[in-house]
Amino acid sequence: SQQGEEDPQALSIQEGENATMNCSYKTSINNLQWYRQNSGRGLVHLILIRSNEREKHSGRLRVTLDTSKKSSSLLITASRAADTASYFCPHNTNAGKSTFGDGTTLTVKP
Amino acid sequence: DTGVSQNPRHKITKRGQNVTFRCDPISEHNRLYWYRQTLGQGPEFLTYFQNEAQLEKSRLLSDRFSAERPKGSFSTLEIQRTEQGDSAMYLCASSGGGREAGVDEQFFGPGTRLTVL
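Protein chains in written order, with the working numbering: chain A, 1 to 110; chain B, 111 to 227.
Bound conformation, chain A alone:
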């Protein structure tokens, strides 16, 4: 099984609402990243947060990291139908591979 665990597995909201998804991991990390993947497409990088950072913003996205709890969250504010996608939070323990979970599938209804 994968190390990264996104929660919930699926989330359905109305356009304009906020969406919050969480991520947990098991080992010490150098950084954690959030990606979006539209159905059948490649992954788009959203945000990288380093282990010594606690919060980061990018447009409508807000990411938090709690290394004591080995968890991270992604908040999407004022969601749009175009935000419908799967979201992943791989983490790096070194300069090598990223370890992915199975993602959170977000559906934003118009």
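Calculated from the structure, these hints are not laboratory results.
Every residue gets a Cβ at the ideal spot worked out from N, C-alpha and C, and that includes glycine.
Careful: at least some of the hints might be erroneous.
To be verified - Examples of chain A residues toward chain B, derived with CB under 10 angstroms:
(1) N31
(2) G40
(3) H45
(4) L48
Based on the hints, put chain B in the right spot on chain A.
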């Protein structure tokens, strides 16, 4: 610079045939990664290169799989004697040294979708 590119985008082959995929990373990125993704799951790490050196290989990478990055630029992933279980999306990513981001951010290509009949 248009990002990471992968060719072909789609490949349909018969069981037992060999296939080869190509990945062109973002120029100046010294790290290149290969992942495999099946429907409904996240990408699984296969291998990664720093320049031309292959530094890590997953146990998923059986002896039918081989990856190369001969000049530290583009990379190829070959699957010999394909099996139906090899059907998946094969993703390539690159990182490091690029003007866009910090060292650890990986930028993914669109993937090559392999179907083994």
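Each hint, compared with the structure:
| no. | hint | result |
| --- | --- | --- |
| 1 | N31 | holds, 5 angstroms |
| 2 | G40 | holds, 8 angstroms |
| 3 | H45 | holds, 6 angstroms |
| 4 | L48 | holds, 5 angstroms |
In the structure shown, no violation is registered for any of the earlier numbered hints.
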